[in-house]
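Asker: Going down the list, the sequences are from chains A and B.
Quick note on numbering: numbering that gives the first Met the number 0 labels position 159 of the first sequence as 158, and the sequence is numbered without any gaps.
Quick note on numbering: numbering that gives the first Met the number 0 labels position 137 of the second sequence as 136, and the sequence is numbered without any gaps.
Please keep in mind that the hints were generated in silico from the structure rather than gathered at the bench.
Be careful, since some hints might not be right.
[Stated by the list, open to error] Mimicking SDA-like on lysine to any residue, the simulated pairs with C-alpha atoms at most 20 Å apart in a straight line are:
no., chain 1, residue 1, chain 2, residue 2
1, B, Lys23, A, Phe182
2, B, Lys23, A, Lys9
3, B, Lys63, A, Lys174
4, A, Lys23, B, Tyr150
5, A, Lys9, A, Gly43
6, B, Lys174, A, Gly26
7, A, Lys98, B, Ala87
8, B, Lys252, B, Asp283
9, B, Lys9, B, Ser19
10, A, Lys23, B, Gln141
11, A, Lys174, B, Gly26
12, A, Lys63, B, Gln141
Computed from a prediction, not measured in an experiment: that's the story for all the values here.
Number of protein chains: 2
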Amino acid sequence: MDFKKELDKKVSEAEQIIRSYLPKEEGLQTTIMEAMNYSVLAGGKRLRPILMLETYRLFGGKDKVIEPFMAAIEMIHTYSLVHDDLPAMDNDLYRRGKKTTHAVYGEAMGILAGDALLNYAFETALTALNMSPSPQVAEALQILAKKAGIYGMIGGQVVDIESERAGSGEKTDDKENLDTILFIHEHKTAAMIESAMGIGAVLAGASELEKEKIEQIASDIGLAFQIRDDILDVTSTTEELGKPVGSDERNQKATYVSLKGLDEAREDVEKISERALGILASLDVSNPFLTQLITALINRKK
Amino acid sequence: MDFKKELDKKVSEAEQIIRSYLPKEEGLQTTIMEAMNYSVLAGGKRLRPILMLETYRLFGGKDKVIEPFMAAIEMIHTYSLVHDDLPAMDNDLYRRGKKTTHAVYGEAMGILAGDALLNYAFETALTALNMSPSPQVAEALQILAKKAGIYGMIGGQVVDIESERAGSGEKTDDKENLDTILFIHEHKTAAMIESAMGIGAVLAGASELEKEKIEQIASDIGLAFQIRDDILDVTSTTEELGKPVGSDERNQKATYVSLKGLDEAREDVEKISERALGILASLDVSNPFLTQLITALINRKK
Numbered sequence: 000m001d002f003k004k005e006l007d008k009k010v011s012e013a014e015q016i017i018r019s020y021l022p023k024e025e026g027l028q029t030t031i032m033e034a035m036n037y038s039v040l041a042g043g044k045r046l047r048p049i050l051m052l053e054t055y056r057l058f059g060g061k062d063k064v065i066e067p068f069m070a071a072i073e074m075i076h077t078y079s080l081v082h083d084d085l086p087a088m089d090n091d092l093y094r095r096g097k098k099t100t101h102a103v104y105g106e107a108m109g110i111l112a113g114d115a116l117l118n119y120a121f122e123t124a125l126t127a128l129n130m131s132p133s134p135q136v137a138e139a140l141q142i143l144a145k146k147a148g149i150y151g152m153i154g155g156q157v158v159d160i161e162s163e164r165a166g167s168g169e170k171t172d173d174k175e176n177l178d179t180i181l182f183i184h185e186h187k188t189a190a191m192i193e194s195a196m197g198i199g200a201v202l203a204g205a206s207e208l209e210k211e212k213i214e215q216i217a218s219d220i221g222l223a224f225q226i227r228d229d230i231l232d233v234t235s236t237t238e239e240l241g242k243p244v245g246s247d248e249r250n251q252k253a254t255y256v257s258l259k260g261l262d263e264a265r266e267d268v269e270k271i272s273e274r275a276l277g278i279l280a281s282l283d284v285s286n287p288f289l290t291q292l293i294t295a296l297i298n299r300k301k
Numbered sequence: 000m001d002f003k004k005e006l007d008k009k010v011s012e013a014e015q016i017i018r019s020y021l022p023k024e025e026g027l028q029t030t031i032m033e034a035m036n037y038s039v040l041a042g043g044k045r046l047r048p049i050l051m052l053e054t055y056r057l058f059g060g061k062d063k064v065i066e067p068f069m070a071a072i073e074m075i076h077t078y079s080l081v082h083d084d085l086p087a088m089d090n091d092l093y094r095r096g097k098k099t100t101h102a103v104y105g106e107a108m109g110i111l112a113g114d115a116l117l118n119y120a121f122e123t124a125l126t127a128l129n130m131s132p133s134p135q136v137a138e139a140l141q142i143l144a145k146k147a148g149i150y151g152m153i154g155g156q157v158v159d160i161e162s163e164r165a166g167s168g169e170k171t172d173d174k175e176n177l178d179t180i181l182f183i184h185e186h187k188t189a190a191m192i193e194s195a196m197g198i199g200a201v202l203a204g205a206s207e208l209e210k211e212k213i214e215q216i217a218s219d220i221g222l223a224f225q226i227r228d229d230i231l232d233v234t235s236t237t238e239e240l241g242k243p244v245g246s247d248e249r250n251q252k253a254t255y256v257s258l259k260g261l262d263e264a265r266e267d268v269e270k271i272s273e274r275a276l277g278i279l280a281s282l283d284v285s286n287p288f289l290t291q292l293i294t295a296l297i298n299r300k301k
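So here's chain A without its partners, still in its complex pose:
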């Protein structure tokens, strides 16, 4: 089967698992369930659940215990988008061609739907303790929480907002700017990839060394993905990318490319990608689909 077809199959598979964990729309509070389900089902590549499941399979995982975690990480990812879109944040009325949650349900319900998804993610993941009250599940729960919080995704989001508001004019020190950009990429993006792949590895019983390697691979994927994003914002056309390009320059936003230049940014993406794929190849186990997926993510043209 070619990669594109296999990927479509994996997306459907993840989609079905996620759906099965969404709340029933019932009771006096039914609006909140509707808003949650609208948000989760508004689309998305289901990248984090797929990376989680394929890393789990890489290490021989075969049980259903992975499923509540797949649903939970997608709920966390979705809540972060719902809150990002709020008027006080990015103020977006559309995402992937669909109205954002607050645009449909109002701002108060947008806030509450995000809260509800974050809370429900933990409700969902905690059901794994009923399936298997093992130290692995405990560790996976702790990874899920930590990588989403102030030492992970939220931490990155905070620094991103603060550095946008400070404007590019304030920090003239390129070294400091670059440290900030790396911090944002590592926390806002890479942390949730580390969560996805880390949970997959832990639940499948990977060794300490294997878990460390997976964490490095995930971190590299996240960073390469974001540097590629900065590159595409400069080199691509709006048509190719399917979203407006050049926005970073217009917003006078310091990026990896504006600080290191296009050539060096490209070289760095290559180096980081090669390192990730090299570590993946050094493992005693393999999952050809996972290798293809990671390669596609790093080399994406949009």
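Start from chain A and add chain B according to the hints.
Answerer: Just chain B, lined up with the frame of chain A:
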């Protein structure tokens, strides 16, 4: 020791435990830690952690495993206030005489501080699995998550917002109005009391029957507390209460009192309170301070 002095001591004790679990203010994302700590330390009676600890002690609990849960439930309570105060919700600039979180840190950071507290509550509670990876801790984690979410606090908040916005004019059916009010009180307020006392009971190893009794007591406390709130809004003066009275009538808000009348509301509070204290007295164990605290909560004059 008289009750007031003992209560002050218990508040300090809870305060100290909560503080010890707050995040250190450090790193590039330090603003978010500051906003979280500001929110938690802005005051409050620490009612939920105290009810949790005293219920734990009621059933003979003596370990530190209760502590992360005490901190976690206060973080969840705090996040709900931070988000309630946002412009899109109640739009409050002051709470307990202090500026609200978004008034100090801005709206975006107010949203993120709430998110961060909710997430950190689970990070904190999950550390209990390292202290004791027992089925009791798993059950306590599940109670914490469920009672805070769409089947608990958030569910009540959603219905409260929707019924406020619908106005009192729409629903002319008193029976339906009363069901809605009971739903809101049971979910928005009682659920978190049930969480606090339920977790205390579970972690101390209470039996199934004891856990059921505690759930009923907690539910009664929450309901009695809220009906008392409706009564005080009518009968008290602004001076006595320390906050504006008569706001429900001004807002044309249907309340327990407006639907059942003052006399019947008073009788119901008496009945519910007596039931709660009766069940508490029927247990084989006792904690005089807990009995006094519950009595004080139900009979409060402000």
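Asker: Starting from lysine 63/B, check that the Cα of lysine 174/A is at most 20 Å away, please.
Answerer: Roughly 45 Å between the alpha carbons, so the hint for lysine 63/B and lysine 174/A is violated.
Asker: Decide if the proposed pair is consistent with the structure: lysine 63/A and glutamine 141/B, CA atoms, cutoff 20 Å inclusive.
Answerer: 19 Å, holds
Asker: Given the hint that lysine 174/A pairs with glycine 26/B, test it: the Cα-Cα distance must not exceed 20 Å.
Answerer: Holds, at about 17 Å.
Asker: Under the criterion that the straight-line Cα-Cα distance not exceed 20 Å, is the pair lysine 9/A, glycine 43/A satisfied?
Answerer: Answer holds: lysine 9/A to glycine 43/A is near 13 Å, not above 20 Å.
Asker: Check the hint pairing lysine 23/B with lysine 9/A against an upper bound of 20 Å on the C-alpha distance.
Answerer: 41 Å, violated
Asker: Within 20 Å, alpha carbon to alpha carbon, are lysine 23/A and glutamine 141/B?
Answerer: With a Cα-Cα distance of about 19 Å, the restraint between lysine 23/A and glutamine 141/B holds, given a limit of 20 Å.
Asker: Against the 20 Å threshold, does the CA-CA distance of lysine 9/B and serine 19/B hold or violate the hint?
Answerer: Satisfied, since the Cα-Cα distance of roughly 16 Å is no more than 20 Å.
Asker: Measure nothing beyond the straight line between the CA atoms of lysine 23/A and tyrosine 150/B; if it is 20 Å or shorter, mark the hint as holding.
Answerer: 11 Å, holds
Asker: Against the 20 Å threshold, does the CA-CA distance of lysine 98/A and alanine 87/B hold or violate the hint?
Answerer: Cα-Cα ~19 Å, so holds.
Asker: If you draw a straight line from the CA of lysine 174/B to the CA of glycine 26/A, is it 20 Å or shorter?
Answerer: 17 Å, holds
Asker: Going straight from one Cα to the other, do lysine 23/B and phenylalanine 182/A come out at no more than 20 Å?
Answerer: The given pair, whose Cα atoms are some 18 Å apart, holds under the 20 Å limit.
Asker: Do the alpha carbons of lysine 252/B and aspartate 283/B lie within 20 Å of each other, as the hint requires?
Answerer: 42 Å, violated
Hint violations for this structure: numbers 2, 3, 8, all remaining hints satisfied.
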